[in-house]
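Place chain B on chain A using the hints.
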Amino acid sequence: MSSQILARALFSLALAAIVAVPVFGAPAAPPAAPGGPVTLVVPTSVDARSMNPNWQSDSGGFDPTSNINCHLVAVDWGVTKGTSVYGDLAESWTADRAARVYTFKLRRNARFHDGRPVTSADVKYTYETVMDKRYPLRAYLADVKEIRTPDPATVVIELNNPDAAFVAMLGIASNWFGKILPKHLYEGKDWPTADVNARPVGCGPFKFIEWARGNFITLEANPDYHMGRAKIDRLIFRIITDQSVAYAEFQAGRFPYLPNVYLPSYAEVAKRMTKDPEIDVVFTPSIYSRDLYLNLKREPLNNLKVRQAIAHALDRRMMNQLAFFGIWKPSWYAGIDGVPQFLNKRARFPDANLKKAEDLLEEAGLKKGADGMRFRISLTNYPVTDSRVISEVVVQQLKRVGIDVRWEQFDTQTWLSRLRAGNFDISTYFVRYAPDPDAYREHFGTGQARNFVGYSNAEFDKIVDDARRTTDNTRRKELYGRAQDILVREMPYINLFMESKFSMVRKGWKGFSVQEDGHNKSMTWFGYHAVTPPGR
Amino acid sequence: MRLRRFLVLRMIQLVPVLLVVVVLNFVLIHLAPGDVALAMAGENPDPVYMAAIRERFGLDKPLHVQLLTYIARIAQGDLGDSFRSRRPVTETLLERVPATLLLVATALAFSSLLGTIVGTWIARRAGGGLDVWVSGLAVASYSVPVFWLGLMLILFLAIRVPVFPPSGMMSVTGVAPGLARWLDILHHLVLPALALSTVWFGQYVRIARSSVLQVLSEDFVTTARAIGYPERQVLFGHVLPNAMLPVVTVLGLQLGLVLAGAVLTETVFAWPGLGQLVYESILARDTPLIVGSYVVMGVCVVAASLLVDLVYAALDPRVEL
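Chains as they are written, first to last, in this note's numbering: chain A, 1 to 536; chain B, 1001 to 1321.
Just chain A, with the same shape it has in the complex (with noise of 0.2 Å):
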């Protein structure tokens, strides 16, 4: 008796759940039916905190805030075709001879989303505000003596020291925290806090139109967007965390575009890359190289010749084999080929070679112990898919050689405080060779920012110093060559590889940031402005 109760109540349970199902209709369809709005939908895996980008570094505040605010100048994610920066707000910039004065003639048809006109004021008060308050982009404005605005279209942008990197560093940080803010919206404001944030006006080619938080952001097309209205007519950013989850749905085609950090495993890129009528796997050189920094304040680090050894212990590329299926690019210079104009194909990081890695280890006093280890060393990594792969391949090459390593892994925050504080052996790190080489300085310069083997070379430090105090390029190129020759003969890093972005894009898109259509236009590599649906 009861038994029939129960199996009724199962099965109008289960016939609920299957009826339910049409009442609540099918899921949304994919976004451009022909000739209507075109909506574009692209998963972010962080949610924003605020939409003030410039207080803060807000990974997940990046794509949103890119596309509704504009920038002086911006820079493209390949910079290998093309010029390495141009002009967003700014229509065209002069420098003096020195390097030190430089001069921006500003857009006249710029607006801010409520109408009112870009003026220098605002670009002076947003770099004033940064300097002050020293938010994130000051490390990029730390040498300015004085912000002038002669008109409401020009900035003087004058120094206290001659930099040649000056606008290009200008560029890159723009993607991240250097939006121009409206002066009439946020003085006498804390940028934090401002009530603005909840409803932020940009000059950017997107509108903001709703945050739902945890959920997805939707922007609008800009129609007075002073580059041009975007192609698309609604941007949004829909937060998907899970890497799976999003290649599903990319591959499903409810989306087109599955930007690098939800990439698949390399075997599975690999695979894609040949054979897939309706995917394009995108291949965008980065201006990073992957690399490994030795930490010159350990022992037996210090030595050159363990560094030297450790060099011969690496095979470029069955790593690449191992651990990418063949498809990245192995580099055994101190400079990458997206950057050729400065490259020095003369300073080689030495090739594979496991006897002369014994050999120097022997010299340098390191006997094999009974286990048949020399020594013991830990290794850790940026906490990404290619550096972790890396790390597996490099901690079975240099047991090849008798160096036991102890592979250690974090999270980012974890891992880039322990960098910082030199508490580490050996960490896989990115060496970021553009939009200028003055990046030499401040990874290898003695005492600088991302300085974090303790590396100190006067001879280095004088030659940086002089290479960015000129904008000669033929003295620069010789300089930064010399740099170069010294950074591989004294080995505070080892380069392995190119980094190599893939991202995917459905057959007939155009023009996101990371294809070559997308270079120049997207502003920022954030932004969507260049972006055709197909057949448009």
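It is possible that part of the hints are untrue.
Claimed, not checked - DSS-like mimics (lysine-lysine), calculated; alpha carbons at most 30 Å apart, straight line:
id : chain 1 : residue 1 : chain 2 : residue 2
1  : A       : Lys189    : B       : Lys1061
2  : A       : Lys510    : A       : Lys521
3  : A       : Lys510    : A       : Lys275
4  : A       : Lys367    : B       : Lys1061
5  : A       : Lys345    : A       : Lys355
6  : A       : Lys329    : A       : Lys305
To be verified - Taking CB as the label site, the calculated pair distances span:
id : chain 1 : residue 1 : chain 2 : residue 2 : range
7  : A       : Arg406    : B       : Ser1143   : 31 to 41 Å
8  : B       : Gln1076   : A       : Arg388    : 38 to 48 Å
9  : A       : Arg406    : B       : Val1020   : 33 to 43 Å
10 : A       : Leu304    : B       : Val1020   : 46 to 56 Å
11 : A       : Trp407    : B       : Gly1058   : 54 to 64 Å
12 : A       : Trp407    : B       : Gln1076   : 39 to 49 Å
13 : A       : Asn473    : B       : His1064   : 35 to 45 Å
14 : A       : Ala198    : B       : Gly1058   : 56 to 66 Å
15 : A       : Ser265    : B       : Thr1249   : 51 to 61 Å
16 : A       : Asn109    : B       : Gly1178   : 34 to 44 Å
Simulated from the structure, these hints should not be mistaken for laboratory data.
Treat the numbers as computed from the prediction; the structure is a model and nothing was measured.
Built from N, CA and C at the ideal position, the CB exists for glycine as well.
Frame of chain A; chain B shown alone:
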């Protein structure tokens, strides 16, 4: 009168529990390397900027001073502001709690109800073929990792056969407010709730089955049957009330975890609940949000155990408050 005294006592107990929650989490977060200033400073961290951030949030003070300041503020009912969004923590949490509640309450109701029904049902056929099968399935559903199950559900019911939306809580392409929006949310709720309740379902089947089985063998059941009560009355009037105590215990435990128990599910399904928020806050070292969330979760655990005690007293006349 006695009930009121009991309630007051429990309220007083809440204080030390919350104190432990706060102290423990506060210390744990500060033990983790890296701090919010470094996270906020970006690629080329400026020491002055970081120092200003630390000063602004009092992070430059000794840990015990920070802790005492925080406790003093919580005592006034203020959970502080998030470091990263500068919005009040309470406001941020209130935004996220409904999503989590909806997901977990649905899954909990579904799994406990259905699990108990099925468990009772097979207990009466213990040892039979059906019992073996259903018990096996229950163990299987109990041991499936929820993220894997979630992914499979997405692949089959959202991608292969696109019946449900794969992730998120609402359609991004504008749904009119009102009934349509509610239906849209329910539509999005199906897969995550299914994943979560499948995993929980198994344990309710197991507990209900063994509990009912045990009660069925008690003398008073034999007596009731001997008196000639109809089987339905024996089951519903005598067996179930006695067999429900373990089920209520488990339900109570899970009710306590109602806000914390769905982190993985929320991550897979991009469900904008508290779990997702806590996960992001931990990676960003947003201490006020992390500790604030744990305080709310702690309150939940205490409230749930209080509720269980009350239900116990109602179900079992031997239990006195």
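Here is what the structure says about each hint:
Simply put, Lys189 of chain A and Lys1061 of chain B have alpha-carbon atoms about 27 Å apart, close enough for the 30 Å limit, and the pair holds. Taking the CA atoms of Lys510 of chain A and Lys521 of chain A, the gap is near 12 Å; set against the 30 Å cutoff, the hint holds. Simply put, Lys510 of chain A and Lys275 of chain A have alpha-carbon atoms about 20 Å apart, close enough for the 30 Å limit, and the pair holds. Restraint check: the Cα-Cα separation between Lys367 of chain A and Lys1061 of chain B comes to about 48 Å, which exceeds 30 Å; the hinted pair is violated.
At most 30 Å may separate the alpha-carbon atoms for a hinted pair to count; Lys345 of chain A and Lys355 of chain A meet this at roughly 25 Å. At most 30 Å may separate the alpha-carbon atoms for a hinted pair to count; Lys329 of chain A and Lys305 of chain A meet this at roughly 27 Å. A hinted range of 31 to 41 Å for the beta carbons of Arg406 of chain A and Ser1143 of chain B is consistent with their spacing of about 33 Å. At roughly 45 Å, the beta-carbon separation of Gln1076 of chain B and Arg388 of chain A lies within the given 38 to 48 Å, and the hint holds.
Remark: the range hint 33 to 43 Å for Arg406 of chain A to Val1020 of chain B is upheld by a beta-carbon distance near 35 Å. The hinted range of 46 to 56 Å is satisfied by Leu304 of chain A and Val1020 of chain B, whose Cβ atoms lie roughly 53 Å apart. Hint check: Trp407 of chain A to Gly1058 of chain B, Cβ distance near 37 Å, so the stated range 54 to 64 Å is violated. Separation of Trp407 of chain A from Gln1076 of chain B is about 47 Å and conforms to the stated range, judged on CB atoms against 39 to 49 Å.
One distance hint, 35 to 45 Å for the beta-carbon pair Asn473 of chain A and His1064 of chain B, is violated here, with the actual separation near 57 Å. The beta-carbon spacing between Ala198 of chain A and Gly1058 of chain B, approximately 26 Å, falls outside the hinted interval of 56 to 66 Å. Between Ser265 of chain A and Thr1249 of chain B the beta carbons are some 43 Å apart, a value that contradicts the proposed interval 51 to 61 Å. Roughly 41 Å separates the CB atoms of Asn109 of chain A and Gly1178 of chain B, a value that falls within the hinted 34 to 44 Å.
When held up to the earlier numbered hints, the structure conflicts with 4, 11, 13, 14, 15 and fits the remainder.
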